[in-house]
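Engineer: The residues making up each chain are set out below.
There are 2 protein chains.
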Amino acid sequence: MQIASSLLENAVNEFARLPGIGKKTALRLVLHLIKQSPEDVQRFSQAIDKMRKEVVFCTVCHNISDNTVCNICSNPLRKKETICVVENIRDVIAIESTQQYSGLYHVLGGIISPLDGIGPDQLTIESLITRVQQSAVSEIIFALSPNIQGDTTIYYIQKKLQPYPVTITTIARGISFGGELEYADELTLGRSLQNRMPVEKYVSH
Amino acid sequence: MQIASSLLENAVNEFARLPGIGKKTALRLVLHLIKQSPEDVQRFSQAIDKMRKEVVFCTVCHNISDNTVCNICSNPLRKKETICVVENIRDVIAIESTQQYSGLYHVLGGIISPLDGIGPDQLTIESLITRVQQSAVSEIIFALSPNIQGDTTIYYIQKKLQPYPVTITTIARGISFGGELEYADELTLGRSLQNRMPVEKYVSH
Chain A
15 MQIASSLLEN
25 AVNEFARLPG
35 IGKKTALRLV
45 LHLIKQSPED
55 VQRFSQAIDK
65 MRKEVVFCTV
75 CHNISDNTVC
85 NICSNPLRKK
95 ETICVVENIR
105 DVIAIESTQQ
115 YSGLYHVLGG
125 IISPLDGIGP
135 DQLTIESLIT
145 RVQQSAVSEI
155 IFALSPNIQG
165 DTTIYYIQKK
175 LQPYPVTITT
185 IARGISFGGE
195 LEYADELTLG
205 RSLQNRMPVE
215 KYVSH
Chain B
15 MQIASSLLEN
25 AVNEFARLPG
35 IGKKTALRLV
45 LHLIKQSPED
55 VQRFSQAIDK
65 MRKEVVFCTV
75 CHNISDNTVC
85 NICSNPLRKK
95 ETICVVENIR
105 DVIAIESTQQ
115 YSGLYHVLGG
125 IISPLDGIGP
135 DQLTIESLIT
145 RVQQSAVSEI
155 IFALSPNIQG
165 DTTIYYIQKK
175 LQPYPVTITT
185 IARGISFGGE
195 LEYADELTLG
205 RSLQNRMPVE
215 KYVSH
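Sequence lines, in order, name chains A and B.
Per the numbering used here, residue 15 is the first one in the first sequence, and the count goes up by one each step.
Per the numbering used here, residue 15 is the first one in the second sequence, and the count goes up by one each step.
Simulated from the structure, these hints should not be mistaken for lab results.
Some hints could be false.
Given that identical chains are not distinguished, each listed pair holds provided it fits within a single copy or across any two copies.
[Unchecked claim] List of simulated lysine to aspartate or glutamate pairs, EDC-like, C-alpha gap at most 16 Å:
| no. | residue 1 | residue 2 |
| --- | --- | --- |
| 1 | 38 | 54 |
| 2 | 38 | 110 |
| 3 | 174 | 153 |
| 4 | 37 | 105 |
| 5 | 173 | 140 |
| 6 | 38 | 105 |
| 7 | 49 | 95 |
| 8 | 93 | 54 |
| 9 | 173 | 153 |
| 10 | 37 | 68 |
| 11 | 67 | 23 |
| 12 | 64 | 23 |
| 13 | 67 | 54 |
| 14 | 37 | 110 |
| 15 | 67 | 53 |
| 16 | 49 | 68 |
| 17 | 49 | 63 |
| 18 | 94 | 194 |
Chain A extracted, bound-state conformation (with noise of 0.2 Å):
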């Protein structure tokens, strides 16, 4: 693809860098904001810029954040005694979109994956522990992906708390709603019928 300005080609192959974006998408990206006043898009620019600069990670969930401690974390409002562990931040934002958590989270930074060279060094499990140690938690719910790395993670984690008097729950798994049941893969039906629940409890829902 030639371009007549080196300006525009520029501004084209840096949008192509992003991910899913490819340089048909970066071009109209591009001729869109052309056509926005400049100081829009000194405002779109600067915004990405500054955010790169500043954003820094809370020390106390290594959630991102505008201070050393996030806004979830000085959040008076918010239980101080429930810790959900997950992945990463955008599993903190997915559940935050739920609106039915109010405890504070941890952000692991990955599950232990020794095929791709994750250990438990790598993630944030020893600042988990140091919370527990410190403050009043008395629930750690495990967020994580269902899937064997997930599940070492958790037992790994698991097996480090045992000395606290800390009760330990995973997410329910089982068939979503508005979920058909014979397009539901066999393990999630399989352990959707071990792990079944009384109808009074599910409709106290």
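On the provided structure of chain A, position chain B as indicated by the hints.
Structural biologist: Chain B only, in chain A's frame:
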């Protein structure tokens, strides 16, 4: 969607303003940028900012350009006697990527469309007439959208060009290469029958 960092939220909102980019995609792009080095992100944001501030339009053909005359108009290898008239910058890029055209361009900036309030005065038609008057142009090729507005624009410009000794052509319309006859629309198929061409001419191409 609640995000723990207002810096992140700001960047996500700015990305989500772009056409075809929703909140989820914006978040994915921003989380990708966070993983890049600050220098890379700065290069990205500066390329966009610089492009918007410094890019100009070529005074000859109205294509996008770094200088007052664009790379195509100032290229001595380009055939100056042929001008291809297109609607917008994207069409120039599309034709350039075929590598089949070595003449110059003229970007109209739209097509005549009374319903959208676009008349001849809002387009660069006068500037095209001036180019034909002042330089030795022998052929004008119209590469406009195959619809009523495109045809109106061609008719209007053709009338304006009648006093000058210049050949006026339009790009061929017909069944696309790789297109199946049964899926072609009636208008295209009908026109391609009317404008049938000798097989020798077709094969020599």
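Engineer: Indicate which option fits the pair residue 67, residue 53 if close means a Cα-Cα distance not exceeding 16 Å: within, between, both or neither.
Structural biologist: Answer is between: at 9 Å across copies they meet the 16 Å cutoff, but 21 Å inside does not.
Engineer: For residue 37 vs residue 110, is the C-alpha pair at or below 16 Å within one copy, between two copies, both, or neither?
Structural biologist: Close across copies (15 Å), not inside one copy (34 Å); limit 16 Å.
Engineer: Are the CA atoms of residue 173 and residue 153 at most 16 Å apart within a copy, between copies, both, or neither?
Structural biologist: Within one copy, since 15 Å is at most 16 Å while 81 Å is not.
Engineer: Give the relationship of residue 38 and residue 54 under a CA distance limit of 16 Å: within one copy only, between copies only, both, or neither.
Structural biologist: neither (22 Å within a copy, 22 Å between copies)
Engineer: Up to 16 Å between alpha-carbons, please classify residue 173 paired with residue 140: within, between, both or neither.
Structural biologist: within (13 Å within a copy, 80 Å between copies)
Engineer: Using 16 Å as the alpha carbon limit, work out where residue 94 and residue 194 are close: within a copy, between copies, both or neither.
Structural biologist: neither (38 Å within a copy, 65 Å between copies)
Engineer: For the identical chains here, do residue 64 and residue 23 meet the 16 Å Cα criterion within one copy, between copies, both, or neither?
Structural biologist: between (24 Å within a copy, 12 Å between copies)
Engineer: If the cutoff is 16 Å on CA atoms, where do residue 49 and residue 68 land: within, between, both or neither? Let me know, please.
Structural biologist: Result: close only across copies, 13 Å inter versus 29 Å intra.
Engineer: Is the C-alpha distance from residue 38 to residue 110 at most 16 Å within one copy, between copies, in both cases, or in neither?
Structural biologist: between (34 Å within a copy, 14 Å between copies)
Engineer: Given a CA cutoff of 16 Å, do residue 67 and residue 23 count as a within-copy pair, a between-copy pair, both, or neither?
Structural biologist: between (25 Å within a copy, 14 Å between copies)
Engineer: Given a CA cutoff of 16 Å, do residue 37 and residue 68 count as a within-copy pair, a between-copy pair, both, or neither?
Structural biologist: neither (30 Å within a copy, 21 Å between copies)
Engineer: As a check of your reading, is residue 93 near residue 54 (CA-CA no more than 16 Å) within one copy, between copies, both or neither?
Structural biologist: neither (40 Å within a copy, 39 Å between copies)
Hint violations for this structure: numbers 1, 7, 8, 10 and 18, all remaining hints satisfied.
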